[in-house]
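Peer 1: Residues per chain are reported as follows:
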Amino acid sequence: MLRIENLKKVFGRTVALDGLNMTVEQGALYGFVGPNGAGKTTTIKTIIGLLAPDDGRVLVNGLDVSRERSRVMARIGYVPDAFGVYDNLKVSEYMEFFAACYGLTGLKARKRCQMLLGQVGLDDKEDFYVEGLSRGMKQRLCLARALIHNPPVLVMDEPTAGLDPRTRYEFKEILKELQGQGKTILISSHILPELAEICTDIGVVDQGRMVFEGSMDEILAQINVSSPLLISVSGSQQEALKILRSHPEVETISIREEDIVVGFSGDKKDEGALLQTLVEAGVKVYGFVREKGSLESVFMQITDHSGEEVVLIRED
Amino acid sequence: MKINPIYRQESRAGARSFKLPLIILGFNSVLAVVALLYMYSMITQVRLTAEIQYSSFLGLYTFVATVEFVLLLFIIPGLTAGSISGERERQTLELMLTTGMQAADIVVGKLVQGLSTIFLLIVSSFPILGLVFIYGGVTMLDVGRLLLCYVVTAVFLGSAGLFCSAVMRRSTMATVSAYSVMVILTAGTLMVNYLADGLAEMTSVGGEAAGWPLYLLLFNPAATFQTVLSRQMGSESGLGVLFPQLDRIAEMGAAGRYWLPVSMAAQLLLAAAFLWGAVRKTEPSVTRRRRR
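Chains W and P supply the protein sequences, listed in that same order.
Residue 1 is where the first sequence starts when you use the numbering used here, and the numbers rise one by one after that.
Residue 1001 is where the second sequence starts when you use the numbering used here, and the numbers rise one by one after that.
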């Protein structure tokens, strides 16, 4: 549905995109994450045809954005990080204005606007001025606006930034509903736990390149591997630390209260072998478990540029 | 009939705000006060001298028309200068560009909205301008020519304001630029002519500069306005108060013979160039690059 090939964009001396590749399958809810300045907004603005790439191309349904912009725009709905509203218009007028921008007028436009306002829960606010809406309502209004021309692809740049938890939850439910209707959704967000809950696919961009891309299942498998081991021993920890430092698959060691937190790259079989080594060396192990991982931990790991070495840190 | 959505939306929002009624009230109040004071001074003169000089009633027309023109000069750039930059600041320009709308639709919608406000001002001033018909001396055709001059000025300066609005990211900077363009076009071209005359006087005894500086006045809406009025007052060579150079337009060949239509056409051409520039600065870089 949406494919980006070797996208490059340079602003002066800053390389914003450095050969970015991305594939979003039809019907996917794709979480697009990355640290600040990684190139997320530049990528999104290239997808919606506001920025011209220096090299590479963006294909939506097989159509090149640079060559067939107007046809592509008819297939994309865009929700920016800012609301982009006219405070002096009523909710219905705002919707009808954008409907007219898409060439929809009259009764057809009014019915479509009413239906969308109902879908985002703003049907009772039609005659309210946009100025009087809360942040959450304004964001839902923006979402309704992006759906006016019934696009198969929805591109959203940090849509839940600055919203309270309840509004974020409601927004998430609307996205799930839209995905259920068969829409392909690309969502950029910093709120990773939220993405982990709703996304079917994840792409992590860093320094203008895609550093990880895959389904949530793939990333969850990686989460299990990347989460640290929590080892609890009774008595002195010195012997355990000595064994752990010399183990080839141990990447980091830190102490958290009574537990030893071990960054361990091995799989379940290696975990068993490590436990056996500790027990055979006489270490009294009474706890040995993988910490429950999160998308955040994977994100931190993927976008960490500090270099990897075995270190001992005391966590207070 | 399909109405430009930008024009429709702006008209709706504009009709709700206090800004438009205040502008109309202020504009017509100034004109009315000027006209009534002028009439009062004429009547006082009649009382004192017991003589009625009907020619001085034409002065009422000249005076009111000039005040209206000066007011328009200051209102037009302000009406259009913040239009596109304002959308950019509100972050709605990007949204419009991701719809089926072209940059040209946005620019034209903004221009039409600005011009409709100006036309509203001009039409609302008809009763005051119509005072001159009480005494006669001015025909409907004269008033028609004057209105045409106002319309050309509105299109010209409105387009310049839109161009500044498309180029500048901030509305404040766009407004400052639009007023600067207006000052350059009116006072700037005049100053260049005065400077050229001064230099010619220094280099040759009693010499007057001719040639290219005079052509700059083709782009000066104030020079066009003065020519319209001076021809209506029956003097082909002009009033010559602000623009003594206009007395020499006969030296300019065809451009001089048809000064009014040529200057209006030149201003409309420059307006078209401003609009083209505004469209180019508004459209997304993808469209610009594809055209290249």
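No lab work stands behind these hints, which were simulated from the structure alone.
In this text, all values refer to a predicted model and were calculated from it rather than measured experimentally.
Be careful, since some hints might not be right.
[Stated by the list, open to error] DSS-like mimics (lysine-lysine), calculated; alpha carbons at most 25 Å apart, straight line: (1) W:K125 to W:K108; (2) W:K242 to W:K268; (3) P:K1281 to W:K90; (4) P:K1281 to W:K268; (5) W:K8 to P:K1281; (6) P:K1002 to W:K111; (7) W:K108 to P:K1019.
Peer 1: Hints first: check each against the structure and report whether it holds.
Peer 2: Each hint tested on the structure:
1. W:K125 to W:K108: Satisfied, since the Cα-Cα distance of roughly 20 Å is no more than 25 Å.
2. W:K242 to W:K268: Holds: K242 of chain W and K268 of chain W sit about 21 Å apart, inside 25 Å.
3. P:K1281 to W:K90: Violated, at roughly 30 Å.
4. P:K1281 to W:K268: violated (59 Å)
5. W:K8 to P:K1281: With a Cα-Cα distance of about 23 Å, the restraint between K8 of chain W and K1281 of chain P holds, given a limit of 25 Å.
6. P:K1002 to W:K111: holds (19 Å)
7. W:K108 to P:K1019: violated (33 Å)
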